[in-house]
Amino acid sequence: MNLIVLPVILPLLFAVIMLFAWKYISLQRILNLVGSLILLIVSVLLFTTVLSDGVQSLHLGNWKAPFGIVFAADILSSVMVLISSIIAFTTALYSFSTIDNERESFGYYPLLNTLIMGINGAFLTGDVFNLYVWFEVMLISSFVLLVLGGTRNQLEGGIKYFTLNLISSAFFLAAVGLLYGLTGTLNMADLSEKIKLAGDNGLITVISIFFLISFGIKSAVFPLYFWLPSSYHTPPSPVSAIFAGLLTKVGVYSLIRMFTLVFTVNSEFLTNIILIVAVFTMVTGVFGAASQNEIRKILSFHIISQIGYMIMGLGLYSVLGIAGAVFYLIHHIIVKTNLFFIGGLIQKLQGTYELKKLGGLYKVYPIIGLLFLIPALSLAGIPPLSGFWAKFLIVKAGLELQEILVVVISLFVSLLTLFSMTKIWNEVFWKPAPKDNPEISFKHFTLSKKIMIFSPIVFLAILTVIIGFSVEEVFQIANQSANELLNPINYINKVLGRF
Amino acid sequence: MLFFVLLGFITAVLVPLIKKISDNFLSWIIPIIPASIFFYFASFYYQIADGEVIKVSYSWIPSLGINFDFYIDGLSLVFAMIISLVGTVVYLYAGSYLKGDTRLSKFYIYISIFMSSMIGVVTSDNLMTLFIFWELTSISSYLLIGFNHEKESSRYSALQALLVTGLGGLALLAGFILLYITTGTWDISEINKMPAEVIGSSYFFLIVIFILLGTFTKSAQFPFHFWLPNAMEAPTPVSAYLHSATMVKAGIYLMARLNPAFGNSILWNDLLLVFGTATMLFAAVLSFKQTDLKKLLAYSTLSVLGTLTMLIGIGSDLAIKAFIIYLIAHSLYKGTLFLVAGIIDHETGTRNIEKLSGLRKLMPITMIIAVAASLSKMGIIPLVGFVGKETVYASVLELPIFGNYLIVITILANMFVVYITAMVGFRPFFGKLKSTPKNPHEAPFRMWSGPMFLALSGLVLGIFSSLFLNKLINSSELGIISERLNIPVKLWHGFNLELLLSTITVLLGLFLYFKREYFLKFVASFSSVKFVQPSYYYQFIFDGTLSLAKYITSKIQNGYLRFYILVILLTTFSLIAYTLHTFYSFNEINIGGSVSVYEVILAFILIISTLLAVSAKSRLAAIVGLGGVGYVIALFFLIYSAPDLAMTQFSIETLTVILFVLVIYKLPKYLSFSSTTRRIRDIIVASFAGLTMFFLVLVISGTSLTSELKEYFIAESYPSGKGLNVVNVILVDFRALDTLGEITVLAVAAIGVYSLLKLRKKDN
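Quick mapping for you: the protein sequence lines, in order, are chains X and Y. Take the first sequence: its letter number 325 is residue 325 in the working numbering, and every next letter is one higher. Take the second sequence: its letter number 415 is residue 415 in the working numbering, and every next letter is one higher.
Derived by calculation from the structure, the hints in this document are not laboratory data. A portion of the hints provided could be inaccurate.
[To be verified] Partial pick of chain Y residues on the chain X-facing surface, computed with a CB cut under 8 Å:
no.: 1; residue: LEU162
no.: 2; residue: ALA174
no.: 3; residue: LEU566
no.: 4; residue: ILE568
no.: 5; residue: TYR665
no.: 6; residue: ALA715
no.: 7; residue: TYR718
no.: 8; residue: VAL745
Backbone N, C-alpha and C define an ideal beta-carbon position, used for all residues, glycine too.
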């Protein structure tokens, strides 16, 4: 049994079953939980298989490469699938007490599943056009989830989200077309070899820029990130949490994949562009965060800022830099999703995301304060939590390559990150509750709902702490992955079926 | 070792459990923790004093070289003992100080985390673990300064301290990594063995700047000193412990620790000397107009921190000796005085010096403690402070060139310290009794016993200095300078210059104290000028950064979709145009091949349709134009022998136009909102994008398209795929997964349409 298609097929299967159970919401809830649990188990198995046996691949329909579509899982792919399954599972739990009945009865659960299907497909495919297809699945699922409920804010954010992401798709498609025209293949491993023979550096650079822009829009880098702060604060909290954790990271994954596997010819020019983009992304992102006064808006801008760090790791283009980027991805998805979970919890308690109207939470529920501090301090890079190590690896990689200025800027950004985390802490937890919004209570919550909302938060917080202390293991994985990415010969051979 | 270093963290986890029994039980039992740590480290005393060093190592992240390497020599031991001893006193004291406060357990959690972190800082041999503990002290300090978090000023001060020390922490991280890149090791004891490599490194300047940024912010050296007086928002036991006896000395510790590697550099020494001296003097002068007991003490702490930095900068044997004695003396008496201030505040309800006097009869024990600590601080024989001050003077006098100037500055600064001491230690107790917000009583046992013990230690260490300090300073491995010291420590050196200077200092300080009113007017006019105070710049940078952030964000994320599209297009096509420009020139582009009449005609129609679509005054006309574009493209497909593609295109275009026409009737009237200038701008951008794409296509047409895929699909379509229509076989077999994905897209879109039509919730 080849595990590698299951992360795509399972969510599809469950989505289809749920469509047949359209009217039976509680059945859908259970299916969603069971499905995401099975997915999680499968992902763990896939991950351990890849770790022990190396790159896994599957030639779909048994058409040999490069003629058919190939799925391939190296460490990066399987780690990303694992993390996205963790997020899918925690979101399934979290949704129980945070999503309303109306949305549930209009396809919320099937949409979650098709979203995960698209995301996992993107992580696992070894074919560049197939990647485009998974991007489409992801885009349409996320768009419908984003506007599901149809409030004015959702629609306004949804239009910006969809329009700008369509531009990304158009560039992606153009790039795939050009690439096919130049090399006559769509298989990424095959591309990796053929592109070196193509010889037309100008055209290759142009194509790579199309990919850079297209994935750049998806990853929300400067100056292409507009869609993200326009939309992430509009849907219900579980939707923005899963978006915040996963969507942009698919873009970052694709950048890392394409720019280590396919476009290595003109690295000097490209890596410089990527580094400059990284710096501006970090700075403008954190500036955005520092100037907001609404929890989810602050957190949204932080995503951008931290995408900058990951891109910086890629732009440095050393083993340590890429390892840092991979470490950052792992850390960021977990921490960011959790912060959005906690944001949603705060909103449930006090009815708003506006800092001005919040306060006094620490006095009443110090435990929520602790649960917030773990991911928040991790995000700000405070040791020994996961975010510190992610930052440390990238800063070290930068200093080794003598990119002093870039490193200094990234450290300054880190200080501003800490500042905006303390802003939330100050306003929501420390400040006394404002007079016009004094009520803090779980009055709408039954015990089981309480457990359902807290368990994913506690789980991700524990994971954050564990990563912080088992740096050795996580770093080894990130490092192996970086080595694989920079020397992709095994991957290529496996995909092209040369063993 | 690991257990005792991490004991505080373990305690922090256990506190909520012990609290379940009762707060009172917790506060009585918990001082055992710091006490046991103290005895643990004290047990190393003779080993260390005999010149041994203790090294213990636990593996953590071997692939990055980051491990728990502990290293204890004389310097570490002194610090560890101070931390745990003052810790014990503070734990005991706080139990009474915060009696009945619901946050007592939180206090013990924070302070235990702090204590462990601090012990970690002074025992780590690995730069990275040291750094981790270092940052944790900043975080726990943040939580403790903001302990009274419902007060705005507490939150402000906590944040300020965090940002200033956080900035330094980040610089320190960069400095440490550069140091690692230079030396290839994280081990401080190894790095200290290669001063030549460190000083000769091309990064040396950066390393020094980064590390000193870290230590100066942490130890509140000028111009970063301002956070420390503000940190007095914290409860008094915290001020006594973190912001006087221990945490603020972390920077001092690190400078002393790294001195063997850096001490031979002029840059390092001069920076320490200049900033240390500046802090010493500046803080002393600033203290003058303070009326708050704790603020007065904070400024005198600053002055001492400056002196300590200065002493490392001087770096002579004598200076190092002075450094150690002064460090110990200060931790003992300053901790005591803070705790006394806490008692006074606790008992009278005020810390304002103007409102306090004549407490001697009501609080005799407190008075004795205060006077003893004050005398030590003033440097009066036979207390340990006396020994400290004597050696400081001696080491300054020893300086060859500018020793004469420096001694004047030192005396001036110390004169203010004497003044502060008199204000805190004497003034509240003597004179006439004034009424205070609370009726004062003698402090409870737990509050006075600790300070009393510390004050007594000062006396004992002074009288028997030749016994304890001598051995530690002269025969242990101090690790601050590479050689062993050999200067006997004793209380009485006879009548000499230092004694004379010491006496003059005390007299001047007392003069200042008695003539306070007169000098106040003079100083007030000086220190009310805002721009001489660095806190003014902190606020300026803080506000400036925030306004800049707001401005930039409002410009970028301005809410207009058309602006977003414009930026994305401009970015994309600028990069592409630039690349095309770099790689190709016009005359190189090969416009090969013949153009048929059909193509010319179609192209003409295409252009007309496009112009129609863009310039149309009604929606219907625009759609007709767009439809024209679509049909022409379909015809192009037909010409280039792709009839199935053309058919698809035809049907999609037709469907789109019909749908559009249907929808149009539902839409409001067509209006043009954009101004002419904006339209011109858009035309330019659009043309730029179009032209770039045009040239790109020209370039591509020069390359030949060959693909083994095409041949394979044609060849295998029937034999393997069992289909004659190659395109169909590609869709349903060769690349069936793509089709599956696209079907999913359609299904999801259908859900989307359905829900958008049916479900319209209101924003809450």
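Results for each hint:
no. : hint   : in the structure
1   : LEU162 : holds, 7 Å
2   : ALA174 : holds, 6 Å
3   : LEU566 : violated, 11 Å
4   : ILE568 : holds, 6 Å
5   : TYR665 : violated, 21 Å
6   : ALA715 : violated, 10 Å
7   : TYR718 : violated, 15 Å
8   : VAL745 : holds, 5 Å
Hint compliance for this structure: hints 3, 5, 6, 7 are not met, and every other hint is.
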